[in-house]
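Listed in order, the protein sequences are those of chains H and F. Just so we're aligned, residue 2 is where the first sequence starts under the numbering used here, counting upward by one. Just so we're aligned, residue 698 is where the second sequence starts under the numbering used here, counting upward by one.
Calculated from the structure, these hints are not laboratory results. All residues carry an ideal CB built from backbone N, CA and C; glycine is no exception. Check before you lean on any hint, since a few could be wrong.
[To be verified] The calculated label-pair distances, taken between Cβ atoms and stated as ranges, are:
no., chain 1, residue 1, chain 2, residue 2, range
1, H, 313, F, 805, 52 to 58 Å
2, F, 830, H, 7, 54 to 60 Å
3, H, 5, F, 830, 35 to 41 Å
4, F, 891, H, 268, 56 to 62 Å
5, F, 988, H, 30, 37 to 43 Å
6, F, 726, H, 187, 36 to 42 Å
7, F, 1007, H, 216, 42 to 48 Å
8, F, 801, H, 268, 53 to 59 Å
[What the hints assert, rightly or not] Here are some of the chain F residues that sit facing chain H, going by a computed Cβ distance under 7 Å:
no., residue
9, 702
10, 949
11, 951
12, 1010
13, 1015
14, 1025
Chain residues, written in single-letter form:
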Amino acid sequence: MKYIDEYRDPALVKGLLAKIRKAADRIDHPVTIMEICGSHTYAIGRFGIRNMLPDNINLVSGPGCPVCVTSARDVDIALHLSRQDKVIFATFGDMLRVPGSNGDSLQRQRAEGSDVRVVSSSDECIELAQNFPQKEIIMMGIGFETTTPTVAVTVDRCRKKRIENFSVFSVHKVVPPAIEALIADPGLNIDGFLCPGHVSTMIGSNAYSMIPEAGCAAVITGFEPVDILEGIWMILEQIANNKFEVAIQYSRGVKPEGNVRAMDLVQSLFKTDTVEWRGIGPIPESGLVFRDVYAAYDTLKKFSVPDIQSVDVKGCGCGDILRGIKSPDQCALFRKVCTPANPIGPCMVSSEGSCSTYYKYH
Amino acid sequence: MKYDKILLEHGSGGLLSNELVANIFLPHFSNSFLERLEDSAILSIGNHKFCFTTDSYVVSPVFFPGGNIGSLAVHGTVNDLAVCGGKPLYMSAGYILEEGFPFAALTEIVQSMADAARGAGIKIVTGDTKVVSRGAVDGIFINTSGIGIIEYEGDLSIKSIKPGDAVILNGTIGDHGAAIMKARENLGLEADIVSDSAPLNGLIAEILKVSTDIHCMRDATRGGLGAILAEIAKSANVDININEQDIPICENVRGICEILGLDPLFLANEGKMVVFCPPAEASKVITVMKGHEFGRNAAVIGNAGESGQGRVVLKTSIGGERIIDLPTGELVPRIC
Chain H
2 MKYIDEYRDP ALVKGLLAKI RKAADRIDHP VTIMEICGSH TYAIGRFGIR
52 NMLPDNINLV SGPGCPVCVT SARDVDIALH LSRQDKVIFA TFGDMLRVPG
102 SNGDSLQRQR AEGSDVRVVS SSDECIELAQ NFPQKEIIMM GIGFETTTPT
152 VAVTVDRCRK KRIENFSVFS VHKVVPPAIE ALIADPGLNI DGFLCPGHVS
202 TMIGSNAYSM IPEAGCAAVI TGFEPVDILE GIWMILEQIA NNKFEVAIQY
252 SRGVKPEGNV RAMDLVQSLF KTDTVEWRGI GPIPESGLVF RDVYAAYDTL
302 KKFSVPDIQS VDVKGCGCGD ILRGIKSPDQ CALFRKVCTP ANPIGPCMVS
352 SEGSCSTYYK YH
Chain F
698 MKYDKILLEH GSGGLLSNEL VANIFLPHFS NSFLERLEDS AILSIGNHKF
748 CFTTDSYVVS PVFFPGGNIG SLAVHGTVND LAVCGGKPLY MSAGYILEEG
798 FPFAALTEIV QSMADAARGA GIKIVTGDTK VVSRGAVDGI FINTSGIGII
848 EYEGDLSIKS IKPGDAVILN GTIGDHGAAI MKARENLGLE ADIVSDSAPL
898 NGLIAEILKV STDIHCMRDA TRGGLGAILA EIAKSANVDI NINEQDIPIC
948 ENVRGICEIL GLDPLFLANE GKMVVFCPPA EASKVITVMK GHEFGRNAAV
998 IGNAGESGQG RVVLKTSIGG ERIIDLPTGE LVPRIC
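Here chain H stands alone, though its shape is the one from the complex:
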C-alpha cells in the first residue's frame, strides 16, 4: 500500500537496527525511553519492536493515551450524565471499557439501559442532535491536542447552525504539562522521550524545550516502524553525544510552530485548568475547560452534577510505572486483581499499555 509500505520496509528496518545497536554500544548504562503517545505504544506492540532492540534499551509507555488517563471521577460523572432522562451519551468507542469507581463502565451502563452511542467523529453528534430534537446529546470530549480541534470545530458548527440540544463534557487534556510533571519528579528514571507526532503537528516542537533542559533526549517521531526506529536511534545519538535537543524525525508532518490556526480555535473555546490524571494525580493547567462564552455547550454548566464520591483504587502502581520507577510485576494489583479483562490502572486499560503488554509476554 503506497505511503505505508515504504515506512515498513524490512531492509530499512534492518539498517536502522544496525545503527541502533552501534549507538547503544557507545552508551555504558541501561537506557529507558518513554513513548509518550498511545499510538506509539500501539505501533510498538503491533510490530513487535520492543524485542528487536538491544538488551540495554527499555521502552516504557507514558501517559499519552487519553482514554487510559481519564480519572475514575470523570468516568463516574460520565456514568451519571448517561443516566439522565432524555440523554443520548455519545463517546469514542475506546472509552466504553474504562472503569470508574467500583468497576462500572459506560459499557455496563449501556447494559443497564442508558442510551450510550459510539461515534467515530464528533461531527456525528450534529446529526444525532438534528435527528433527535427532543433529546440532549452529550459528547464525552476526550483526547489531546490532536482531537480537541475537531471537537472545537463541531461546537463552532453547532453554534452557527443554532443547534441547542448538544453539549460537550470536556475531559480534554494537553500534553506538555504532563511531561513537565514527569520530569519534575526527582525519582524519574527516563533518558529520552519519543514525542508524539500527531500532537506535535498541532503544538509544534517548541513546546518540548523543557525536556532537553532537564537533561533528557527528545525526538518528535512518526508512527510507522521506520519512523519509530529512526526516532529511537536519534535519541540514542543524543545520549551517546551527551547533547540534548528537541529533534524532529516526523518532519513530513511537524513544523516548529505547529498548526497555529487550529490552536487559536481551541484557545478561543477552552482555557486550561488543573485536572486529575488516572494513576498520576492532579497536574496543574493540564486540562481544557470551556470558556464562559461557550457555556451553552458546556455539559457541566447545562447539567448539575452532584458531588460524586469517587473511589480511586488503592495500591495501583501505574504512577510509578509511568515514571519508569517500577516494573508492572512490582505492583501489588498486577495479575491478581488487575488484568486485561478487568483493568484498573491506565497501563492495563490500554491493550498495549506497559502492564497489558507485560501481562501477555511474561
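Following the hints, position chain F against chain H.
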C-alpha cells in the same frame, strides 16, 4: 470480574464469550459431546457418524455487499458442518420477524437462502416463524441448525493437532467484517469491499479426497483469524507461529483498517478456514485450494510449534514478534 448483566462484549467471540460458555452453559449442560467445544457436535447413530450444529444470525445491516442475512445463515451452517468433516445434508430455518418488516426484503432474503442452499447441496427441511412487536428485534433474526454425515475416517479435532503441523488459510482475511463495518458506519469511505460469505463444503470435500491426514479445520468467523488461532492454541496447548507477511489481505480491507485503527486479524470472515496438517500434506492441500474458487489466494501462514504454552506468536512484517490473544472489548475504531 463478576457480571450481573449481559454486555454486548459477551457476544464478541472474544474472552467474555468464552467465559459465558464456560461459566453458564457448560456447567449446566455438561456432557461429553458438548465439552469438545468445536463447531459441531459429533454424534453416532447406528454405524454412522453425524455432525450437528446450530447458529443464530443477527447481522446488521441485513443486506450488505456480497450477501444478506439469509445467504449468510446457510453458509455459516454449512461451514460449521463441513469443517468437522461432515457432508451437509439437512438444515432448519427459524425466523424471528419484527412487526413492520417489509415483505419485499423477506422475500429477497428467503430467495437467497434457497439459492445458497441449492449451491451448497443442503436441504432446508423444517422451519418456524415468530413475529414480535416493533422494537423487540432489529428487523429479522434467523436461527438455523444443520446436520451432516461424516464419512472421513480421521479424527478432525483440535486435539489432533501435532507439533510441526502446517497452518493453511484459504484466502484473504477481514473481508466480511470490513464490508459490514463500511455498510454500517457512516464513514464516507468509497472502497469496493465485498463480504467473503461462501460455502466451504465443496472445497473441504476435495481436500479430504486428496489427503487422509488432515488434523483439524476451523472456520474463522466472529473474532477473526486471531481469535480462532488463540482459541485453538489454548485448547490444544500448543504454540502456533504465524508469519504476518504470509497472511493474504485485500488492499481495500487493509486501507479501511489503517484508517480506523482496526486489526484485520480480528475482523470477521464468513468464507475462510484454517487447516492444520502435517507439512508433507501441505502442498497437496494448497494445490486443491488454489484450484477452487474459494481458495485462490490460499497460503501456508505458519506452523504449530514444539513447545506447549498455548500461545499464538505472530512474526510481524518487519521481523518483530507479538502475541495474539483472545480479543477483549468490542471492535471499535481507536482514537489514540
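How the hints compare with the structure:
{"no.": "1", "hint": "H:313 - F:805: 52 to 58 Å", "verdict": "54 Å, holds"}
{"no.": "2", "hint": "F:830 - H:7: 54 to 60 Å", "verdict": "56 Å, holds"}
{"no.": "3", "hint": "H:5 - F:830: 35 to 41 Å", "verdict": "49 Å, violated"}
{"no.": "4", "hint": "F:891 - H:268: 56 to 62 Å", "verdict": "46 Å, violated"}
{"no.": "5", "hint": "F:988 - H:30: 37 to 43 Å", "verdict": "59 Å, violated"}
{"no.": "6", "hint": "F:726 - H:187: 36 to 42 Å", "verdict": "59 Å, violated"}
{"no.": "7", "hint": "F:1007 - H:216: 42 to 48 Å", "verdict": "45 Å, holds"}
{"no.": "8", "hint": "F:801 - H:268: 53 to 59 Å", "verdict": "54 Å, holds"}
{"no.": "9", "hint": "702", "verdict": "4 Å, holds"}
{"no.": "10", "hint": "949", "verdict": "10 Å, violated"}
{"no.": "11", "hint": "951", "verdict": "6 Å, holds"}
{"no.": "12", "hint": "1010", "verdict": "9 Å, violated"}
{"no.": "13", "hint": "1015", "verdict": "5 Å, holds"}
{"no.": "14", "hint": "1025", "verdict": "5 Å, holds"}
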